[in-house]
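Turn these sequences into a full structure, and let the hints steer you where they fit.
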Amino acid sequence: MSALTNPDNSTATRPADSADQERLEDQIQHLMVAVEHILRGASAPLSELALIKALQAEPWLLVDEVDYADPTRLFPVHFLLFHSLYRLRDTLAAQGEKLAISPLEIYLECQATVAGQGLPGKQDTLREFYLDLDQYRLSDSRIQQMMDDFWSGHQGRPVAHSDLQKAARTLGFDSVPEQFAPVKHQFRRAVMTAHPDRGGDTRKIQQLNEAFALFRAHFCKAGKR
1 MSALTNPDNS
11 TATRPADSAD
21 QERLEDQIQH
31 LMVAVEHILR
41 GASAPLSELA
51 LIKALQAEPW
61 LLVDEVDYAD
71 PTRLFPVHFL
81 LFHSLYRLRD
91 TLAAQGEKLA
101 ISPLEIYLEC
111 QATVAGQGLP
121 GKQDTLREFY
131 LDLDQYRLSD
141 SRIQQMMDDF
151 WSGHQGRPVA
161 HSDLQKAART
171 LGFDSVPEQF
181 APVKHQFRRA
191 VMTAHPDRGG
201 DTRKIQQLNE
211 AFALFRAHFC
221 KAGKR
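Under UniProt numbering, think of the first position of the sequence shown as 1, with each following residue one higher.
If you're looking for bench data, these hints aren't it; they were derived computationally from the structure. Note that the structure is a prediction, hence the values are computed from the model and not measured. Be careful, since some hints might not be right.
Stated by the list, open to error - Simulated pairs of lysine-lysine, BS3-like, Cα-Cα distance not exceeding 27 Å: (1) K166 x K98; (2) K204 x K166; (3) K184 x K204; (4) K53 x K204; (5) K166 x K184.
Unchecked claim - Derived CB-CB ranges, DEER-like: (6) T91 x D17: 26 to 34 Å; (7) D124 x A19: 25 to 33 Å; (8) K166 x A100: 38 to 46 Å; (9) M32 x K166: 34 to 42 Å.
Backbone N, C-alpha and C fix where the C-beta goes; we use that ideal spot for every residue, glycine too.
Structure, rendered in structure tokens:
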């Protein structure tokens with residue numbers, strides 16, 4: 001099986017053909033097997049980042065290099081991983097096991113459940129989203145809009161000043177910038193410095209990306225983008 005790569009988003013509006021669907025399902029099945037094996041061997045909850053790294057390593061080699069600074073390249077990897085996690089959760093729930101899923105903590109635990117009664121009993125919007133494979137081929141612009149909506153508070157609320165202050169510190173500012181231009185400039189510089197190829201780490205790249213997305217949402221709502 002080839003490692004997980006990004007779909008061609010230029011054809012996002014065209015339904016995948018049967019061969020594409022078969023390849024995708026093959027990837028998902030391999031991911032589910034690998035993820036269950038990794039989680040059963042873990043002594044503590046794993047973050048999404050740690051799980052991706054485990055899937056990139058021997059013996060799995062299921063995920064290619066990920067550009068954490070580019071949401072449009074990160075999203076397909078994130079989506080297929082969480083699609084696999086939610087499918088695995090449904091399978092394990094029927095066996096009386098619980099799979100906890102969040103970007104920061106992913107882990108298995110036993111639950112007091114009669115076999116066959118462990119599936120979600122109420123509407124789970126995240127589960128519905130990740131189990132819809134049409135979402136895997138979202139356009140770049142739609143992915144970017146989703147990121148903006150997420151970091152602005154999901155519901156279109158203004159970004160809290162305390163969050164802006166934290167994002168400013170992450171990007172290296174002493175205070176919250178009044179314009180978006182210096183944010184873009186500082187973000188590019190910080191990403192170059194923190195890139196793993198230059199001795200940085202992917203966690204820092206994620207933090208920078210989150211801070212930048214939050215500022216982009218803030219200035220977009222303020223009409224200063």
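Please work out if K166 and K184 have their alpha carbons no farther apart than 27 Å.
holds (16 Å)
Is 26 to 34 Å right for how far apart the beta carbons of T91 and D17 are?
holds (27 Å)
Whether the CB-CB distance between D124 and A19 falls inside 25 to 33 Å
Since D124 and A19 have Cβ atoms about 31 Å apart, the given range 25 to 33 Å holds.
Could you check the hint for me, namely that M32 and K166 are 34 to 42 Å apart, CB to CB?
Holds - the Cβ-Cβ distance for M32 and K166, about 36 Å, lies within 34 to 42 Å.
Given hint K98 paired with K166 - CA-CA distance at most 27 Å:
Not satisfied, since the Cα-Cα distance of roughly 34 Å exceeds 27 Å.
Is K53 within 27 Å of K204, Cα to Cα?
holds (15 Å)
Please verify whether K184 and K204 have alpha carbons no more than 27 Å apart.
Cα-Cα ~17 Å, so holds.
Holds or violated: are the alpha carbons of K204 and K166 at most 27 Å from each other?
Between K204 and K166 the Cα gap is close to 14 Å, so the pair holds against 27 Å.
Quick check: does the Cβ-Cβ distance between K166 and A100 fall within 38 to 46 Å?
At roughly 26 Å between Cβ atoms, A100 and K166 fall outside 38 to 46 Å, so the hint is violated.
The earlier numbered hints that this structure contradicts are 1 and 8.
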